[in-house]
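These are the residues of each chain, in order.
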Amino acid sequence: MRTVFKTTYDADINLFRHGAQAFWYLSLLALMIVLPFFLSDFAIGEMTNVLIWAIAGMGLMILVGQTGQASLGHAAFLAIGCYANVLLQERLGLPFILSLPLAGIIAGLSGVALAIPTSKLHGIYLAIATLAVSILVDDLIVIAEPLTGGINGLLAPTIDIFGIQFDRYGTPVRFYGLILFVTVLVVLAYRNIQRSPLGRSFAAVRDSEISAQAMGVNVARTKAVAFGISTAITGLAGALMGHFAGIFNNETFTIIISIQMLLMIVIGGLGSIHGAFFGAVVIALLPQAIARVRDGIGALTGTSIAIPGMESAVFGAILILFILFEPMGIYGRWLKIRTYFELFPFYRRDMFRRQRSYLKTERMR
Amino acid sequence: MSLLEVENVTLKFGGVTAVNNVSFSVEEGEVFALVGPNGAGKSTLFNLVSRFYDPVAGDIRFAGESILKKAPHEIARLGIARTFQNIELFEQATVLQNLLVGRHRHRRGNMFSETLFTPFVRREERRHREAVEKVIDFLDLQPYREKYIAGLPYGVRKVVEMGRALAIEPRLLLLDEPASGLSVEETQDVAFWVEDIKTQMGVTVLMVEHDMHLVASVSDRVMALADGKTLAIGTAQEVQNHPKVIEAYIGVADENERVVA
Amino acid sequence: MDVLQLFVSGLANGCVYGLIALGFVLIYKATEAVNFAQGDFMMLGAFITLGLTNDQFWGLPFWLSVPIAIAAMGLFGYLIEMIVLRRMFGQSQVAIVILTIAMGFVLRFAAGLIWGNEPIALESPIAGKDVRFGGLVLGLDEIVVIAVTVISTILLYFFFNLTKLGVAMQAASQNQLAAYYMGIPVKRVHSLIWAVAGMVAAVAGILFASKGSIDPSIGLLGIKAFAAAVIGGFGSLPGALLGGIIVGLIEPFASYYIAAGYSQIMPYLLLFLILVFRPHGILAQIHRKKV
Chain A
59 MRTVFKTTYD
69 ADINLFRHGA
79 QAFWYLSLLA
89 LMIVLPFFLS
99 DFAIGEMTNV
109 LIWAIAGMGL
119 MILVGQTGQA
129 SLGHAAFLAI
139 GCYANVLLQE
149 RLGLPFILSL
159 PLAGIIAGLS
169 GVALAIPTSK
179 LHGIYLAIAT
189 LAVSILVDDL
199 IVIAEPLTGG
209 INGLLAPTID
219 IFGIQFDRYG
229 TPVRFYGLIL
239 FVTVLVVLAY
249 RNIQRSPLGR
259 SFAAVRDSEI
269 SAQAMGVNVA
279 RTKAVAFGIS
289 TAITGLAGAL
299 MGHFAGIFNN
309 ETFTIIISIQ
319 MLLMIVIGGL
329 GSIHGAFFGA
339 VVIALLPQAI
349 ARVRDGIGAL
359 TGTSIAIPGM
369 ESAVFGAILI
379 LFILFEPMGI
389 YGRWLKIRTY
399 FELFPFYRRD
409 MFRRQRSYLK
419 TERMR
Chain B
71 MSLLEVENVT
81 LKFGGVTAVN
91 NVSFSVEEGE
101 VFALVGPNGA
111 GKSTLFNLVS
121 RFYDPVAGDI
131 RFAGESILKK
141 APHEIARLGI
151 ARTFQNIELF
161 EQATVLQNLL
171 VGRHRHRRGN
181 MFSETLFTPF
191 VRREERRHRE
201 AVEKVIDFLD
211 LQPYREKYIA
221 GLPYGVRKVV
231 EMGRALAIEP
241 RLLLLDEPAS
251 GLSVEETQDV
261 AFWVEDIKTQ
271 MGVTVLMVEH
281 DMHLVASVSD
291 RVMALADGKT
301 LAIGTAQEVQ
311 NHPKVIEAYI
321 GVADENERVV
331 A
Chain C
16 MDVLQLFVSG
26 LANGCVYGLI
36 ALGFVLIYKA
46 TEAVNFAQGD
56 FMMLGAFITL
66 GLTNDQFWGL
76 PFWLSVPIAI
86 AAMGLFGYLI
96 EMIVLRRMFG
106 QSQVAIVILT
116 IAMGFVLRFA
126 AGLIWGNEPI
136 ALESPIAGKD
146 VRFGGLVLGL
156 DEIVVIAVTV
166 ISTILLYFFF
176 NLTKLGVAMQ
186 AASQNQLAAY
196 YMGIPVKRVH
206 SLIWAVAGMV
216 AAVAGILFAS
226 KGSIDPSIGL
236 LGIKAFAAAV
246 IGGFGSLPGA
256 LLGGIIVGLI
266 EPFASYYIAA
276 GYSQIMPYLL
286 LFLILVFRPH
296 GILAQIHRKK
306 V
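Protein chains in written order, with the numbering used here: chain A, 59 to 423; chain B, 71 to 331; chain C, 16 to 306.
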């Protein structure tokens with residue numbers, strides 16, 4: 059385990075904890091930049107997909123992991139971002155570099171609009187309210203057919219930035235690069251929030267509203283800000299998802315997607331940027347992995363099996379196992395493994411054990 | 071003008087009168103203690119000053135201004151900090167982060183500058199950390215700086231809570247049973263800290279405490295309560311010898327014995 | 016005439032929602048867990064009955080399949096609590112919600128694997144028959160659904176208020192620690208609550224399957240029933256039934272009086288408005304934490 063000798067306050071304030079950490083993360087970034095030049099178009103598409111889900115995951119993570127407010131309705135904000143982005147381009151003729159941030163802002167403001175009336179709701183009740191919103195937005199897309207194309211959906215145009223085209227199929231490497239750029243910006247913003255008073259006020263609301271209040275944190279306002287930032291990032295992901303999918307309708311953003319987003323960040327590990335990425339890898343690559351395994355078995359036995367709902371079921375099973383045996387998610391497991399090797403052979407099983415509070419009733423607030 | 075003036079305050083929960091027409095005032099620079107048996111209304115008074123409850127009658131003034139129009143989160147901004155009887159720390163955060171939340175009152179950035187982490191925000195962070203380090207030094211919390219609250223022993227949590235309240239840089243500090251559950255040595259530390267908070271930092275302290283020895287050693291004035299009513303106000307000695315207080319305590323002591331047995 | 020028929024069919028639907036909602040509330044009241052898979056329990060109960068009854072599967076007599084299915088779902092609920100949920104003791108409600116959502120995914124997949132994903136009709140003696148009251152024609156299935164719901168609710172009411180086990184369950188729900196000290200085996204009581212919820216879900220499933228064909232995705236009806244439980248005031252059994260009936264009635268009337276597309280929206284709009292404007296009516300059970 060590395061011991062960092064802190065000689066200035068900046069050691070705690072900086073983006074990275076120490077030089078080696080900076081080196082590893084920058085190397086990872088370099089790898090992510092270089093990798094697509096060696097991969098097939100298909101693999102680049104998969105990587106792009108992972109990044110888009112990671113952005114969406116970070117959006118939800120701000121709300122659930124940092125602020126402790128469960129949302130079962132974030133597909134609604136994916137949808138708002140996606141439709142806003144395409145409609146701004148198609149109806150108002152705005153360029154992508156304006157429509158993308160505007161889509162984020164619109165989604166963010168919708169999030170604030172949701173947070174204000176629901177600021178008194180906690181835990182499960184907030185989850186239900188957001189779930190209702192997700193279903194309502196799904197139905198509203200169908201009803202607002204003149205604008206949204208109803209169940210026929212809309213086509214996302216090819217992205218054009220100052221005459222340079224970004225298309226998933228036409229120019230996959232360039233498209234990937236654009237998504238990576240947005241991803242890095244979101245990671246930086248997330249990290250900045252984490253290390254500033256804003257992030258600490260989020261954590262305060264998450265851990266104890268009553269004492270957050272006593273520290274001078276305006277709880278309702280903090281929740282609204284968390285909702286706004288969270289849904290704005292989710293809206294960006296939605297806009298990019300629209301361009302990635304090419305065509306989308308209300309079915310692209312059902313309540314099932316909302317649920318999957320929440321499950322995704324839980325599997326990844328709540329409360330960290332890493333968790334959002336790990337979760338995104340699982341959710342984006344699982345269908346491929348299952349298809350590979352299925353084809354493998356099919357080739358061995360000479361049969362072909364196709365069972366609908368398999369992806370969701372495998373996903374669900376993985377999640378059940380994680381919640382039961384590793385509630386801190388993949389990132390939690392990763393930390394344990396890393397500590398094990400760093401301390402070898404001095405690792406103790408109970409190093410990460412947390413006290414569980416029995417008889418903690420949530421009827422008291 | 072007194073720093074905190076509580077005037078004829080009454081609070082009812084359903085049919086029960088938790089605080090009944092209580093008045094007292096805390097002078098700038100003194101340590102004022104509230105004593106009384108369980109259920110006397112001491113913590114309720116704290117929660118009234120914190121604005122968690124609305125009184126049905128009476129007024130509470132801080133530095134001459136009524137606080138009854140303020141929202142609970144505005145109380146810290148006035149310079150009133152508090153601790154909680156049953157410890158309400160931010161469990162999934164480190165000691166340092168907990169103390170830094172105490173600095174929220176002094177936050178000058180906004181969500182945009184902080185998301186961009188402008189140089190201004192960095193300078194602010196340095197300022198906050200410097201202030202928090204002073205508190206850490208004062209309370210000897212150095213060994214726990216990077217530890218998560220969830221794994222800390224009870225005594226340390228109690229100290230962290232006091233530190234978080236001090237990080238606010240309050241004018242008035244409300245300590246709700248600062249020594250409950252602590253060992254004799256730890257209680258001794260609390261006594262020294264309260265003394266230093268008063269003399270070195272110039273902070274006025276209002277505390278609820280059962281340990282009469284601690285109360286007698288640190289407080290300038292004491293108020294005894296029972297059943298939501300004031301029994302006596304005066305020095306620790308005066309209050310301890312007051313006939314009404316003796317009556318209330320002896321009655322309750324019997325009851326306590328029965329409950330414990 | 017139209018209106019009366021709409022009313023009866025809405026009421027019958029509402030009874031099914033209400034029964035699922037009853038399962039939610041039972042579990043929530045006693046254990047503070049929210050079982051998001053309750054709709055999938057209902058689906059499973061329906062499919063077990065169908066698997067036992069229909070000729071293409073086992074072909075048992077309907078009246079034999081029903082008690083077997085109910086008992087099987089009771090056992091299933093008991094085991095789920097014992098094997099999975101008990102490990103979650105002491106974790107947050109939201110974690111349990113996520114767990115049960117995942118469980119629903121798995122159950123739907125398993126049902127599809129066993130009984131297929133095509134809609135199938137239950138060979139039920141009450142399906143497709145009419146009852147005439149003077150000039151009024153009502154489906155026998157709808158009448159039976161309403162009657163069975165009323166009977167089940169009355170039985171549950173007596174169970175909770177008159178039997179020793181029922182009273183123990185209520186005690187466990189009010190204060191777990193106190194109940195434990197009083198010698199109530201809280202863990203077993205929790206398992207039994209899940210068993211009762213499983214049985215209620217089976218009844219709901221059989222009734223639902225009697226009204227039309229089913230496929231594994233009907234488990235998602237649980238979301239609507241969940242809305243019903245909240246509308247009725249999470250935490251009271253009559254409230255759950257009432258909420259179910261409100262949702263059941265609002266749907267046909269919304270599509271009748273407004274437009275077809277709005278019948279889906281209304282229950283959730285109502286749910287959202289209730290959460291925003293009447294949180295205290297619903298949160299009556301939640302008290303302010305003492306500090």
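No lab work stands behind these hints, which were simulated from the structure alone. A quick note: this is a predicted structure, and the numbers were derived from the prediction, not measured. Don't be surprised by glycine CBs; every beta carbon is placed ideally from N, CA and C. Please note that the accuracy of each hint is not assured.
Said to hold, decoys possible - Covered by chain C, according to a simulated footprint, are these stretches of chain A (three or more residues, beta-carbon under 8 Å):
id, stretch
1, 87-97
2, 329-338
3, 377-384
Claimed, not checked - Computed footprint of chain C on chain A; a stretch qualifies when at least three of its residues, placed anywhere within it, have a C-beta under 8 Å from a C-beta of chain C:
id, stretch
4, 162-169
5, 196-207
Self-check item: Coverage of the stretch 162-169 of chain A by chain C (three or more Cβ within 8 Å)
Solution: violated (count 0)
Quiz prompt | Verdict on chain C covering the stretch 377-384 of chain A, criterion of 3 CB contacts below 8 Å | solution = With 4 residues in contact (Cβ-Cβ under 8 Å with chain C), the coverage given for the stretch 377-384 of chain A holds.
Self-check item: Given coverage of the stretch 87-97 of chain A by chain C, checked by CB-CB distance under 8 Å (3 or more)
Solution: That given contact is violated, which follows from only 0 residues of the stretch 87-97 of chain A lying within Cβ reach (below 8 Å) of chain C.
Quiz prompt | Outcome, coverage of the stretch 329-338 of chain A by chain C - at least 3 residues whose beta-carbon is closer than 8 Å to one in that chain | solution = That given contact is violated, which follows from only 0 residues of the stretch 329-338 of chain A lying within Cβ reach (below 8 Å) of chain C.
Practice problem: Apply the coverage criterion to the stretch 196-207 of chain A and chain C: a residue qualifies when its Cβ sits closer than 8 Å to a Cβ of the chain, and three qualifying residues are needed. | Solution: holds (count 4)
In the structure shown, a violation is registered for the earlier hints numbered 1, 2 and 4, in ascending order.
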